[in-house]
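Kindly generate the complete structure, drawing on both the sequences and the hints.
2 protein chains.
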Amino acid sequence: MKVTVLSGGVGGARFTRGLLALLAPSAEVTVVANTGDDLWLHGVRVCPDLDTLMYTLGGAVHEDQGWGRRDESRRVSDDLAAYGLGWEWFTLGDLDLATHLARTELLRSGLPLSQVTARLCERWAPGVTLLPMSDQEVETHVRLADGRLIHFEEWWVRHRAALPAVGFEQVGLASATAGPGVVEALRDADVVVLPPSNPVVSVGTILAVPGIRDALATTAAPVVGVSPVVGGAPVRGMADACLTAIGVATDAAAVARHYGRRAEGGVLDGWLVDDADAAAADVLRAQGWTVRAAPTLMTDVPTTAAIAAAALGLVDRLP
Amino acid sequence: MKVTVLSGGVGGARFTRGLLALLAPSAEVTVVANTGDDLWLHGVRVCPDLDTLMYTLGGAVHEDQGWGRRDESRRVSDDLAAYGLGWEWFTLGDLDLATHLARTELLRSGLPLSQVTARLCERWAPGVTLLPMSDQEVETHVRLADGRLIHFEEWWVRHRAALPAVGFEQVGLASATAGPGVVEALRDADVVVLPPSNPVVSVGTILAVPGIRDALATTAAPVVGVSPVVGGAPVRGMADACLTAIGVATDAAAVARHYGRRAEGGVLDGWLVDDADAAAADVLRAQGWTVRAAPTLMTDVPTTAAIAAAALGLVDRLP
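Protein chains in written order, with this note's numbering: chain A, 37 to 355; chain B, 37 to 355.
No lab work stands behind these hints: they were computed from the structure.
Check before you lean on any hint, since a few could be wrong.
Sample of chain A residues at the chain B side, in silico, Cβ under 7 Å [said to hold, decoys possible]:
1) GLY79
2) ARG111
3) VAL112
4) LEU116
5) ALA118
6) TRP125
7) LEU133
8) LEU137
9) ALA138
10) THR140
11) GLU141
12) ARG159
13) GLU300
Keep in mind it's a predicted model, so treat the numbers as computed, not measured.
Built from N, CA and C at the ideal position, the CB exists for glycine as well.
Here's what the structure looks like:
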């Protein structure tokens, strides 16, 4: 069985960990990761979502935090702050920095990000084929309500998405192409899953890479998604601020409609919502959606495996 | 009083610290640093001699070691080794890495190394004007007796200069130009000092930057040097291997002759040797040199200040 997941960071990584626990080891899982939050910082290349996926699936993640390495420290960044170059609010852990340095060395040697990622995964053995959405650099900026344009990480990490935003501008996205293997992974999958990642700046960015939405539209595989919104609030992070910025309600049904049904030019065939959103499920169902309500809080790996099972189970309910 | 020093790493940094202790605060000391040992490692720019100078003169050096930061740790590099990219033998301390990251960020923002160095020195307040010999990248490689060409740091750090070498090849040196302020610092100095740095790969490299030897030849300032060889052995490091590679004996008189007298097309007016080399001093003196023997072991700052005084005292003995 071949499963392809379009993932952002924490939510997608945790979901995929549950998916792997569910599936027999013979299943082939490919994760296409958002790289739109990536940045050059202090000369090194930081890829937050790729790292969260590697660490989570490789058993090295800081479990409570959801991202970064277990037993992390900040000896370098504390000293770096004395140079006063700014961005001190962006955590650059020592162990994480080792990954950034390794990645940067490999990139500077001329390898594309996809090959670099494969090389880094040799260490982490994530149990999936981890593919960057693109080998080209894409950098997300946030258009604030006051007109300013700031880097996504500055908005997200420094300002905790609290500055009102009116949209996202992604440098390099229009001219990017899907990374090696990405279109094939969508075309050849038995099922494609949109995990409970941020539908705007994570999955939305992946879908906006030229070629990926088309591959999703034309694949023979069913495409099922898990709502990242439960009871009118994001399960994690500040996806509500992203949804608000693009005029989508923070609501499980609204997110489904934002993705859209494949039958109507969208990307989804089925949609899993939380039990708390049973009413939204009813509304969507009445509108022709294949939708199911189940517990969706990823509290631990077995629970997450059950969520993955519920998501994959949507396939059997498709018309 | 304006003093300009052409320096490598540990020896030159310690000498300059003594020089600063000797001179009134009103003296203007400029240090032109060798950057021929610099390298890109894991995507960041490492400048060993500039860092040793900053840390030593800024009071942050690891005193016993002579280079690197006090209270250093290796959390990043220990983790980085797990990626198996090589160069694990090159120490990349956590605190030192903060400097490399800051430098790399500034370089990547488009600043030349000279401006980057000035910016980093705002933190360390070394009490001197610290100038890279050049803003262009120069990379020293070592031609081994077996024909192989390896990076200087690999020869020096990994192999402790134990592989027989037959010469040094410096990529970028022929097309490099002296950094901003370097020629002026030599032209306008009241005295120029060659500290007990490696005469081949440190001072020799600086002298080989097009324009610097000419500036030294034509400056009105006297040029005095301190022998890095005492009793037939280098005071520190493995300068003997470098001298041997270029066919110069590890001998205080041979090093003086290698530099040469300005009156005869060389770069020195006076030469300070250790008391242990009084015989060599006599030979040089008989050949017309202005030379002096004194204690030259830089055991602590007051002792080093006395050595600096002895070196500067050569000026009064010049014909």
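Hint check:
{"no.": "1", "hint": "GLY79", "verdict": "holds, 3 Å"}
{"no.": "2", "hint": "ARG111", "verdict": "holds, 4 Å"}
{"no.": "3", "hint": "VAL112", "verdict": "holds, 5 Å"}
{"no.": "4", "hint": "LEU116", "verdict": "holds, 4 Å"}
{"no.": "5", "hint": "ALA118", "verdict": "holds, 6 Å"}
{"no.": "6", "hint": "TRP125", "verdict": "violated, 15 Å"}
{"no.": "7", "hint": "LEU133", "verdict": "holds, 5 Å"}
{"no.": "8", "hint": "LEU137", "verdict": "holds, 4 Å"}
{"no.": "9", "hint": "ALA138", "verdict": "holds, 4 Å"}
{"no.": "10", "hint": "THR140", "verdict": "holds, 3 Å"}
{"no.": "11", "hint": "GLU141", "verdict": "holds, 4 Å"}
{"no.": "12", "hint": "ARG159", "verdict": "holds, 6 Å"}
{"no.": "13", "hint": "GLU300", "verdict": "violated, 46 Å"}
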